[in-house]
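Asker: If you want the building blocks of each chain, they are given just below.
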Amino acid sequence: MKLKTMRKIFIKTLLKYSKVNEAPYLITGDLGYSVLEPYQELYPSRFINVGIMEQSMMSIAAGLASQGNKVFAYSISNFATFRALEQLRLDIAFHNLDVCVVGIGTGFQYGAAGYSHWAIEDLAIVSSLEKFRIFSPSDESSTNKAVLSFLQNGGPTYLRLGKSSLNLNDKFDSKFILPNVRIFGSGNQLIFSHGSLAQEIIQNESFDPHNFSLVVFDEIEPILNKEFNTLIKASKRLKVIEDVVFSGSLGSRVCRFLTENNLNIPFKWIGLDGSKLESAGGSENYLRARELGFKYLDNLFLD
Amino acid sequence: MVTSAKSSHIGSCLSAVEITAVIQNLVHETENTFIFSKGHAAATIYAALAGLKLIPEEHLKTFALDGSELTGHVNHAVPNISYSSGSLGHGFPFGVGLAIASKHKKIYVLISDGELNEGTTWESLAIAAHLKLKNLVLVVDANGIQSFGKTKEILDLEPLRSKFESFGWEFFEADGHSVSALHSLLSTKESSKPRVIIARTIKGKGIKSMENQLEWHYKSPSPESLQRLLNEIENNA
Numbered sequence: 000m001k002l003k004t005m006r007k008i009f010i011k012t013l014l015k016y017s018k019v020n021e022a023p024y025l026i027t028g029d030l031g032y033s034v035l036e037p038y039q040e041l042y043p044s045r046f047i048n049v050g051i052m053e054q055s056m057m058s059i060a061a062g063l064a065s066q067g068n069k070v071f072a073y074s075i076s077n078f079a080t081f082r083a084l085e086q087l088r089l090d091i092a093f094h095n096l097d098v099c100v101v102g103i104g105t106g107f108q109y110g111a112a113g114y115s116h117w118a119i120e121d122l123a124i125v126s127s128l129e130k131f132r133i134f135s136p137s138d139e140s141s142t143n144k145a146v147l148s149f150l151q152n153g154g155p156t157y158l159r160l161g162k163s164s165l166n167l168n169d170k171f172d173s174k175f176i177l178p179n180v181r182i183f184g185s186g187n188q189l190i191f192s193h194g195s196l197a198q199e200i201i202q203n204e205s206f207d208p209h210n211f212s213l214v215v216f217d218e219i220e221p222i223l224n225k226e227f228n229t230l231i232k233a234s235k236r237l238k239v240i241e242d243v244v245f246s247g248s249l250g251s252r253v254c255r256f257l258t259e260n261n262l263n264i265p266f267k268w269i270g271l272d273g274s275k276l277e278s279a280g281g282s283e284n285y286l287r288a289r290e291l292g293f294k295y296l297d298n299l300f301l302d
Numbered sequence: 000m001v002t003s004a005k006s007s008h009i010g011s012c013l014s015a016v017e018i019t020a021v022i023q024n025l026v027h028e029t030e031n032t033f034i035f036s037k038g039h040a041a042a043t044i045y046a047a048l049a050g051l052k053l054i055p056e057e058h059l060k061t062f063a064l065d066g067s068e069l070t071g072h073v074n075h076a077v078p079n080i081s082y083s084s085g086s087l088g089h090g091f092p093f094g095v096g097l098a099i100a101s102k103h104k105k106i107y108v109l110i111s112d113g114e115l116n117e118g119t120t121w122e123s124l125a126i127a128a129h130l131k132l133k134n135l136v137l138v139v140d141a142n143g144i145q146s147f148g149k150t151k152e153i154l155d156l157e158p159l160r161s162k163f164e165s166f167g168w169e170f171f172e173a174d175g176h177s178v179s180a181l182h183s184l185l186s187t188k189e190s191s192k193p194r195v196i197i198a199r200t201i202k203g204k205g206i207k208s209m210e211n212q213l214e215w216h217y218k219s220p221s222p223e224s225l226q227r228l229l230n231e232i233e234n235n236a
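Chains A and B supply the protein sequences, listed in that same order.
Under numbering that gives the first Met the number 0, the first residue of the first sequence carries the number 0, and numbering increases by one thereafter.
Under numbering that gives the first Met the number 0, the first residue of the second sequence carries the number 0, and numbering increases by one thereafter.
In case anyone wonders, no lab produced these hints; they're calculated from the structure.
It is possible that some hints are incorrect.
[Unchecked claim] A short, non-exhaustive set of chain B residues, derived as facing chain A with CB atoms under 10 Å:
{"id": "1", "residue": "Ser84"}
{"id": "2", "residue": "Gly90"}
{"id": "3", "residue": "Ala100"}
{"id": "4", "residue": "Thr119"}
Using N, Cα and C, we set each Cβ at its ideal position, and we do this for glycine too.
Construct all of the structure, not just a fragment, from the sequences and the given hints.
Answerer: Encoded structure:
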């Protein structure tokens, strides 16, 4: 299936929201060509391209938010997080301001661009800032919901936007375990994932909803609830798969949950170890060529 | 404060006394905002707030002690402080955001001359001029000494006038210990550009043995010497 970008969904949601509400500020570090223009045209006083200065952009975003505004600050994931990390920490998180840091490109989405553009440690680094809510939406509906959640609740927020097809629910029904965590299927082999990777899993022909249950974390929840306890106890095995490094990942949260709740289940954690990062490659090619691995999705469905 | 806390930065605190007093008085009981970006001189802003009875004077005794909100670098948990600083190069762009969002307010930002080393300072100068933020006033506490020595020797950024003017700022220079000069420049009618005032100051101003001495970026006055030093300031006032 042809994937479209979540950033288009993001701007569509903002435009729709701003028709009936006060338009939030949208500031960019000179990125968003062919995506952000409609917002710039309709809300010129709420759109600022500050130029290529991600650090100052995040402080400016915090200053705007300190006056009671909701602010989206938009850049490529690594520039928005690593480059401006101290601004996220001191200006946004410590002051508890309503800034949504929008990071474009998750995992190897910018595969051909090389390491500078791969967002594989962003989750690790932002996870260390406990005040940040982190959304890693998997499809159109969850992207839309994440944007609206920030507009409603505010607070320091990181929104990582990858690729998306229409909706996971077009393929299978789901139910919510947490407000932004859905489960697809009823099998006793659990797979936990998030972001664009969830798209690939659910569309794989080996995904049989009678044998597998895919739990999609559209928000990387800091705390898992008791329902996970029941779910894990009723399951045969658990695999966590994500296109980020292990530190600060969803898998690290799951490990903590298993340990703290004395849950014993065969467990496989598939993520990135940070090696072999020198060659180019699109998302799919790259993942297949690595530990995350050759035929990684096929292996995912094997014992 | 710094003696009981055994904290550093008394030299920087003393260079910013008059600047802080003038700006804090200007924003007092207005909608205008003062961003104190050179957060290591926190004792000065806390003292100014106590002077205006915005925090109890009694609280100053807790400065930088365990459990106190009056942390060694400026803390927004303290009433009437809107921004926590301490890492240089953050307060100025934060003030730019404030100035964009609230054009009817005057935003004063105080930075150190060492802070001119930070890239975000120059980014902020560029974007503030580009956006014609005439409600933004930057004051540089130019005491000529930064962490490791004289600013001129570490990273000489003079002449500042041509740099600031080429960035599109209205430039002024003043004796940073002259209350009347500072007040005059800070309260004159705004132009079409953001305004910068280079306040030429003396690190450790008021105590001869501290003036222009790098070591007072780090040392705190001993309890034994405190009364003598306070008397010296009193006599010079």
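Asker: Each hint: holds or not?
Answerer: Quick rundown of the hints versus the structure:
{"no.": "1", "hint": "Ser84", "verdict": "holds (8 Å)"}
{"no.": "2", "hint": "Gly90", "verdict": "holds (8 Å)"}
{"no.": "3", "hint": "Ala100", "verdict": "holds (4 Å)"}
{"no.": "4", "hint": "Thr119", "verdict": "holds (5 Å)"}
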